[in-house]
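Trainee: Chains as they are written, first to last, in the working numbering: chain U, 1 to 501; chain A, 1 to 501; chain F, 1 to 173; chain D, 1 to 173.
By construction, these hints were calculated from the structure, which means they are not laboratory data. Beta carbons are placed, not taken as given, at the ideal position from N, Cα and C, and that holds for glycine. It is possible that some hints are incorrect.
[Said to hold, decoys possible] Short, incomplete list of chain A residues facing chain D, as computed with Cβ under 10 Å:
{"no.": "1", "residue": "Gly25"}
{"no.": "2", "residue": "Gly27"}
{"no.": "3", "residue": "His50"}
{"no.": "4", "residue": "Gly52"}
{"no.": "5", "residue": "Ser54"}
{"no.": "6", "residue": "Pro379"}
{"no.": "7", "residue": "Ala466"}
[Said to hold, decoys possible] For lysine to any residue, the following SDA-like pairs were computed, each having C-alpha atoms within a straight-line distance of at most 20 Å:
{"no.": "8", "chain 1": "D", "residue 1": "Lys114", "chain 2": "A", "residue 2": "Gly52"}
{"no.": "9", "chain 1": "A", "residue 1": "Lys473", "chain 2": "D", "residue 2": "Lys145"}
{"no.": "10", "chain 1": "A", "residue 1": "Lys475", "chain 2": "D", "residue 2": "Lys139"}
{"no.": "11", "chain 1": "F", "residue 1": "Lys68", "chain 2": "U", "residue 2": "Ala474"}
{"no.": "12", "chain 1": "F", "residue 1": "Lys15", "chain 2": "U", "residue 2": "Ser183"}
{"no.": "13", "chain 1": "D", "residue 1": "Lys122", "chain 2": "D", "residue 2": "Lys139"}
{"no.": "14", "chain 1": "U", "residue 1": "Lys137", "chain 2": "U", "residue 2": "Val62"}
{"no.": "15", "chain 1": "A", "residue 1": "Lys423", "chain 2": "D", "residue 2": "Asp59"}
{"no.": "16", "chain 1": "A", "residue 1": "Lys473", "chain 2": "D", "residue 2": "Lys139"}
{"no.": "17", "chain 1": "F", "residue 1": "Lys24", "chain 2": "A", "residue 2": "Asp34"}
{"no.": "18", "chain 1": "F", "residue 1": "Lys46", "chain 2": "A", "residue 2": "Ala57"}
{"no.": "19", "chain 1": "F", "residue 1": "Lys114", "chain 2": "F", "residue 2": "Ser81"}
{"no.": "20", "chain 1": "A", "residue 1": "Lys357", "chain 2": "U", "residue 2": "Leu457"}
{"no.": "21", "chain 1": "F", "residue 1": "Lys117", "chain 2": "U", "residue 2": "Asp331"}
{"no.": "22", "chain 1": "F", "residue 1": "Lys23", "chain 2": "A", "residue 2": "Arg37"}
{"no.": "23", "chain 1": "D", "residue 1": "Lys23", "chain 2": "U", "residue 2": "Pro361"}
{"no.": "24", "chain 1": "D", "residue 1": "Lys117", "chain 2": "A", "residue 2": "Arg37"}
{"no.": "25", "chain 1": "U", "residue 1": "Lys473", "chain 2": "F", "residue 2": "Ser81"}
{"no.": "26", "chain 1": "A", "residue 1": "Lys166", "chain 2": "A", "residue 2": "Ala57"}
{"no.": "27", "chain 1": "D", "residue 1": "Lys139", "chain 2": "A", "residue 2": "Tyr411"}
{"no.": "28", "chain 1": "A", "residue 1": "Lys433", "chain 2": "U", "residue 2": "Gly25"}
{"no.": "29", "chain 1": "F", "residue 1": "Lys114", "chain 2": "U", "residue 2": "Ser56"}
{"no.": "30", "chain 1": "U", "residue 1": "Lys357", "chain 2": "F", "residue 2": "Lys15"}
{"no.": "31", "chain 1": "A", "residue 1": "Lys71", "chain 2": "A", "residue 2": "Ile101"}
[Claimed, not checked] Only some residues are given here: those of chain A computed to face chain U with a beta carbon under 10 Å:
{"no.": "32", "residue": "Arg19"}
{"no.": "33", "residue": "Ser20"}
{"no.": "34", "residue": "Glu23"}
{"no.": "35", "residue": "Met24"}
{"no.": "36", "residue": "Asp194"}
{"no.": "37", "residue": "Asp195"}
{"no.": "38", "residue": "Glu254"}
{"no.": "39", "residue": "Asn267"}
{"no.": "40", "residue": "Gly305"}
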Amino acid sequence: MIRKVLIANRGEIAVRIIRSCREMGIGTVAVFSDADRKSLHVRYADEAIHIGPSPSAESYLVKEKIVEAAKRTGADAIHPGYGFLSENADFADLVRSEDIIFIGPQADSIRLMGDKISARTIMTQAGVPVVPGTTGKITGEKEALKVLNSIGLPVMIKASAGGGGKGMRLVYNQKDFLKALNSARSESMAAFGDDAIYIEKYIQSPHHIEFQVLADSHGNVIHLFERECSIQRRHQKIIEETPSPIMTPELRREMGEKAIAAARSVNYEGAGTIEFLVDDNLNYYFLEMNTRLQVEHPITERVTGVDLVKEQIRIAAGKELGYRQEELFQDGHALECRIYAEDPDNNFMPSPGLIRKITEPMGFGVRTDGYVYEGYEIPVYYDPMISKLITWGKTRDEAITRMLRSLEEYYIMGIRTSIDFLKRIMEIPDFVKGKYDTHFIETHEKVLFAPYDDMPLTEDLSMIVAYLEYLEKAKIKTNGVPSQPVSNWKIQNRNQHLVRW
Amino acid sequence: MIRKVLIANRGEIAVRIIRSCREMGIGTVAVFSDADRKSLHVRYADEAIHIGPSPSAESYLVKEKIVEAAKRTGADAIHPGYGFLSENADFADLVRSEDIIFIGPQADSIRLMGDKISARTIMTQAGVPVVPGTTGKITGEKEALKVLNSIGLPVMIKASAGGGGKGMRLVYNQKDFLKALNSARSESMAAFGDDAIYIEKYIQSPHHIEFQVLADSHGNVIHLFERECSIQRRHQKIIEETPSPIMTPELRREMGEKAIAAARSVNYEGAGTIEFLVDDNLNYYFLEMNTRLQVEHPITERVTGVDLVKEQIRIAAGKELGYRQEELFQDGHALECRIYAEDPDNNFMPSPGLIRKITEPMGFGVRTDGYVYEGYEIPVYYDPMISKLITWGKTRDEAITRMLRSLEEYYIMGIRTSIDFLKRIMEIPDFVKGKYDTHFIETHEKVLFAPYDDMPLTEDLSMIVAYLEYLEKAKIKTNGVPSQPVSNWKIQNRNQHLVRW
Amino acid sequence: MYYMSSIELKCGERKVPVEIIGKKDNRLHVRLGETDYHLDIIKVEKNIYSILLDGRSYDIEVAATEMKNTYTARYLCHSYSIEVLDAETRYMRSRLSALGESQENTISCPMPGKIVKIPVKKGDKVNAGEVVIVVSAMKMESEYKTGKSGLIKEILVNEGDVIEANMALIVLE
Amino acid sequence: MYYMSSIELKCGERKVPVEIIGKKDNRLHVRLGETDYHLDIIKVEKNIYSILLDGRSYDIEVAATEMKNTYTARYLCHSYSIEVLDAETRYMRSRLSALGESQENTISCPMPGKIVKIPVKKGDKVNAGEVVIVVSAMKMESEYKTGKSGLIKEILVNEGDVIEANMALIVLE
């Protein structure tokens with residue numbers, strides 16, 4: 001069995017993985033860059049190893065440093081989390097070549113699925129429907145135009161090595177095609193060092209629905225149902241839920257079987273996700289496979305009860321799956337909101353900085369997976385996601401109202417966050433009815449970005465509070481340190497003789 | 001439907017009730033005493049009404065003030081929480097006489113169940129087994145001795161009006177009987193203004209197992225399975241779990257039916273709990289009925305998915321139960337630890353005071369229901385329970401390991417708490433095996449109260465940290481307010497010229 | 001016969017005088033502009049005040065900003081930037097405007113981050129709307145444009161530098 | 001040739017000198033008694049220090065207490081009460097003991113609460129073990145007994161008073 005796991009990651013996912021290790025009695029090693037000395041994962045792990053300067057390219061992305069840290073601390077396994085090296089086949093190979101367990105699939109599975117074009121081919125062979133489009137990488141304009149003519153507009157141009165919305169372009173008109181093609185290629189080159197692209201039929205009114213799978217090294221594969229991830233902004237998921245509001249039991253069974261077939265086709269091991277596009281007529285197409293844990297895995301955990309990180313570790317240790325397909329069911333409804341350090345009122349500009357205060361929501365059906373704390377300064381180098389808020393309800397309605405009250409309880413001071421924006425989404429009638437596709441944010445732009453109504457009383461009270469804070473500050477300046485950090489404030493009234501109460 | 005609820009309570013339960021109201025779109029009114037101006041329930045409610053001085057007898061227990069506050073704010077219902085006026089039949093009557101909905105059973109049900117002796121009689125008639133003992137109140141010594149002879153030693157003497165361990169005495173030897181009788185009576189008189197007592201056969205190696213029931217005003221009654229509450233200290237529950245480790249499906253069905261019969265026998269409405277004593281041979285005896293929400297209700301919520309406060313409100317509004325018995329099942333395993341402001345190393349002395357810092361555990365399967373926050377000063381006037389930590393697991397083992405890691409994540413600074421004590425219980429092999437009865441704490445006293453092993457390194461590091469804190473303080477004193485509350489500390493080194501790094 | 005407070009509060013375009021008329025324990029009588037408020041107000045946490053007004057409960061967050069005497073306050077989704085104009089501030093203001101000084105020739109970036117690229121150099125002529133600096137934060141690159149045309153007088157940062165929010169980066173003539 | 005620090009730390013019965021030998025950023029070389037520690041140490045939150053030592057990670061809480069120069073530190077379930085003995089403290093100590101003063105004649109209660117009952121009065125003769133005060137906190141009543149016999153010289157509180165922890169309540173002759 002695995003006794004010590006090094007987590008090759010940071011932030012909320014590192015903390016989340018450590019939690020499961022703790023519960024399994026497994027030791028943990030954190031790695032950290034210069035910017036992350038105060039990060040919660042460093043404090044929370046049993047051990048912590050410094051691996052370099054702040055930019056990821058010099059720390060979290062340096063395979064050799066991670067492996068060296070694992071060897072130094074005697075870790076017998078490495079969990080890559082998501083992002084960073086989690087879908088890097090060479091890293092998986094390097095780890096295993098040092099006789100360390102890589103908590104993830106075999107490198108070959110990563111490679112096959114990592115290349116979108118080889119993935120398409122394999123899926124087609126495995127009987128999993130794919131979106132009509134190119135079957136080979138495209139590097140020339142002529143070739144691209146030929147493909148365009150064969151599948152017809154609209155099309156989506158995608159970076160072959162891509163992910164996270166980078167190098168993607170949607171084209172509706174013939175005249176925009178070549179410009180979009182070239183900008184996608186240069187963006188792809190800059191982001192991934194590879195300008196190969198591919199072209200796909202663009203599905204109108206698409207739903208992004210993914211299936212969670214678990215596969216062990218003994219050939220057992222199960223799925224843990226779907227996650228609906230259509231609420232996206234700039235191709236980044238911001239809200240996920242399970243079950244999907246548009247799913248039917250028949251479709252779930254069928255797509256689940258296809259997801260299992262997809263995993264089997266690459267001899268998958270571990271936790272993985274098969275992403276599908278689903279149109280309004282419930283036609284579904286394989287989109288890609290994420291060969292790692294997903295950000296949104298907690299909603300699946302909540303409705304199935306399965307701790308996915310624990311299953312990943314068990315599988316990596318060579319155990320058989322702890323669950324059979326027929327034992328699993330979806331109990332109730334779970335929603336996840338991703339909380340970002342960004343300013344929705346200012347074109348979602350990143351908002352790193354010092355957390356002055358944080359109050360997390362609590363109570364029945366609420367889970368927060370975060371990593372920031374009062375006094376922590378969010379670095380500029382990494383992802384702006386600071387936490388995930390997950391709510392559960394017996395029904396979808398209950399999960400939504402619980403999310404709304406939880407977002408209202410969530411206070412983060414010092415930086416701007418997406419909390420208010422998420423609240424607004426929860427109140428859009430189409431969201432409440434479950435009627436949405438990946439265009440939801442654009443469709444409801446007007447309401448989502450409307451200025452808030454004036455609240456004259458609130459404004460007045462806020463001004464008074466600012467004034468009291470000013471007076472308190474003035475008093476501290478005059479009188480020195482306040483004796484007690486939280487003592488009742490006393491107003492320094494400059495005209496005390498005039499006070500007539 | 002109910003549109004505004006006044007919560008006639010404080011602390012965690014008031015906050016918890018407000019949460020469910022929020023999710024239902026119902027307005028909330030908090031009431032507060034002098035000591036509670038800064039309490040979270042006041043801040044969290046939509047409205048807040050001051051109802052008097054700090055002692056409960058002058059505020060939270062004054063029926064008229066509560067009703068007056070409800071009328072003033074136009075609340076159409078009152079939720080009594082637990083404790084305070086929650087089992088006060090006269091209060092229920094008063095509330096209803098003002099045309100305000102009392103979220104709880106009819107006053108008659110409270111009265112019948114509130115008197116332990118009438119409750120016994122009714123249960124016997126309803127076919128629910130009771131512990132052998134007196135059938136009438138006892139006020140004289142002679143009478144008491146006669147009863148003692150008829151049921152035999154050991155016996156338990158209990159205050160007729162009692163609860164919470166007050167006025168209870170266990171007698172093993174004939175010679176101690178009269179002394180115990182008299183002290184129980186005087187304690188009961190002091191606590192409840194009534195010195196009537198009753199005597200019961202004392203069950204050796206007893207398990208305290210209770211059943212949650214819900215009953216609507218249309219005659220529908222369901223049970224939501226059991227809670228095992230045998231881990232007690234001085235007759236106060238400290239850890240609860242569901243399912244009970246000793247329960248069998250057959251016994252569950254049978255006891256569940258008896259619980260429903262018990263509720264029916266008093267025409268019960270709302271959420272209630274039937275407490276049983278169960279011996280090692282799985283014989284069970286009715287103990288008492290709590291005609292209100294229980295402290296430990298969250299574990300039932302977690303395994304059944306039913307929000308009990310929402311059901312209480314729906315029932316009070318005259319709706320039919322939202323669930324049928326056959327729809328309900330226990331999913332996984334839930335544990336609750338009660339976190340008290342007390343010092344386990346010092347005979348559990350209460351530890352009110354200022355919360356300097358609080359970090360609550362998070363992640364999958366963890367719920368905290370609390371009310372204290374950084375800067376809050378826990379008053380001396382009320383219950384020492386500051387929060388409840390609930391964990392869930394697919395299995396009992398998982399719930400326990402999750403509880404352990406959650407307790408380790410739980411940091412409360414400024415006061416002493418029972419957290420470390422609870423951690424120790426989680427590690428006792430008999431607890432892990434589920435082999436325990438109400439004598440668990442006494443049985444394992446030696447281990448539970450053993451001094452912790454010396455940790456020389458930890459001690460050294462703690463001393464160094466204290467020294468740095470001292471230096472920082474000295475620096476602030478010299479240089480004034482630090483510019484940034486959380487800036488990196490700088491050591492004031494008095495001998496800076498001698499530092500050779 | 002009231003003593004007139006010399007302090008004004010500014011929120012957006014609104015500027016109103018504020019005066020504390022009386023206080024006792026956590027009861028506060030304050031006049032804001034024309035309105036008299038009788039509040040039950042108490043600081044419950046660092047940066048959070050609890051207010052009871054006509055029985056309603058409000059939790060208002062407040063935090064000092066990097067700008068002197070300027071605070072951000074928030075109630076639910078409503079945020080306000082509030083400046084306390086005391087005698088000192090007003091004096092500084094009038095002096096600044098008397099000197100005719102303006103900081104509008106400075107280009108800054110409202111978010112902290114790392115300078116990825118500075119596509120201009122000292123002495124360049126730039127037109128309004130032209131990109132003068134590219135800043136990266138949290139895996140996102142943002143281009144910052146100059147609002148007016150002119151000559152680049154000075155570039156205060158280098159590519160690769162990590163910058164604070166609102167730092168002066170480039171000065172135009 | 002080391003400068004000897006004049007500061008000692010006291011934890012339980014243990015008393016050891018402490019000296020900071022060097023520091024650079026968050027690296028600290030400190031000598032505690034005979035042991036040299038090279039720590040990576042940083043204050044991460046109010047009252048919490050993160051320490052890395054030989055690759056292991058420790059979060060240690062620390063808080064000042066009401067007693068001067070005395071701190072409570074905690075690591076997981078291990079709590080320590082630590083006193084910093086500087087020149088001033090030692091001077092005060094020696095002065096106190098020179099004067100022969102002792103606070104042992106004072107009866108106090110380690111927990112805050114409300115005085116429910118004072119079953120003795122000024123001038124009473126009490127015996128060791130006798131209950132002299134009953135304090136209620138959080139719905140629990142606790143009886144406090146005198147540790148030694150003597151005459152009640154003074155009673156500093158009244159029934160119904162709310163008291164702080166460790167306040168002097170009764171003075172014996």
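Trainee: Straight-line Cα separation of Lys139 of chain D and Tyr411 of chain A no greater than 20 Å?
Mentor: Roughly 25 Å between the alpha carbons, so the hint for Lys139 of chain D and Tyr411 of chain A is violated.
Trainee: For the pair supplied as a hint, Lys68 of chain F and Ala474 of chain U, confirm whether the alpha-carbon distance does not exceed 20 Å.
Mentor: Roughly 12 Å between the alpha carbons, so the hint for Lys68 of chain F and Ala474 of chain U holds.
Trainee: How about Pro379 of chain A: closest beta carbon in chain D under 10 Å, or not?
Mentor: Given a least distance of 8 Å, the restraint on Pro379 of chain A holds.
Trainee: Do the alpha carbons of Lys433 of chain A and Gly25 of chain U lie within 20 Å of each other, as the hint requires?
Mentor: holds (17 Å)
Trainee: Given the proposed pairing of Lys114 of chain D with Gly52 of chain A, does the C-alpha separation stay at or below 20 Å?
Mentor: holds (18 Å)
Trainee: Run the distance test for Lys71 of chain A versus Ile101 of chain A: straight-line Cα separation, threshold 20 Å.
Mentor: holds (12 Å)
Trainee: Let me know if the C-beta of Gly27 of chain A comes in closer than 10 Å to any C-beta of chain D, holds or violated.
Mentor: Violated, about 31 Å.
Trainee: Lys475 of chain A and Lys139 of chain D were given as a pair; does the straight-line alpha-carbon distance stay at or below 20 Å?
Mentor: Distance of about 42 Å is beyond 20 Å: violated.
Trainee: Taking 20 Å as the top limit, are the C-alpha atoms of Lys117 of chain D and Arg37 of chain A close enough?
Mentor: Violated - the C-alpha atoms of Arg37 of chain A and Lys117 of chain D are around 28 Å apart, more than 20 Å.
Trainee: Holds or violated: Lys473 of chain A and Lys145 of chain D, Cα atoms, limit 20 Å.
Mentor: Not OK: Lys473 of chain A and Lys145 of chain D at ~37 Å, beyond 20 Å, violated.
Trainee: So if I understand the rule, the pair passes when the alpha-carbon distance is 20 Å or less; does Lys423 of chain A with Asp59 of chain D pass?
Mentor: Between Lys423 of chain A and Asp59 of chain D the Cα gap is close to 18 Å, so the pair holds against 20 Å.
Trainee: Does Lys23 of chain F pair with Arg37 of chain A here, judged by a C-alpha cut-off of 20 Å?
Mentor: Since the Cα atoms of Lys23 of chain F and Arg37 of chain A sit roughly 17 Å apart, the hinted pair holds (cutoff 20 Å).
Against the hints set out earlier in the document, violations occur for numbers 1, 2, 3, 4, 9, 10, 12, 13, 14, 16, 18, 19, 20, 21, 23, 24, 27, 30, 36, 37, 38 and 39.
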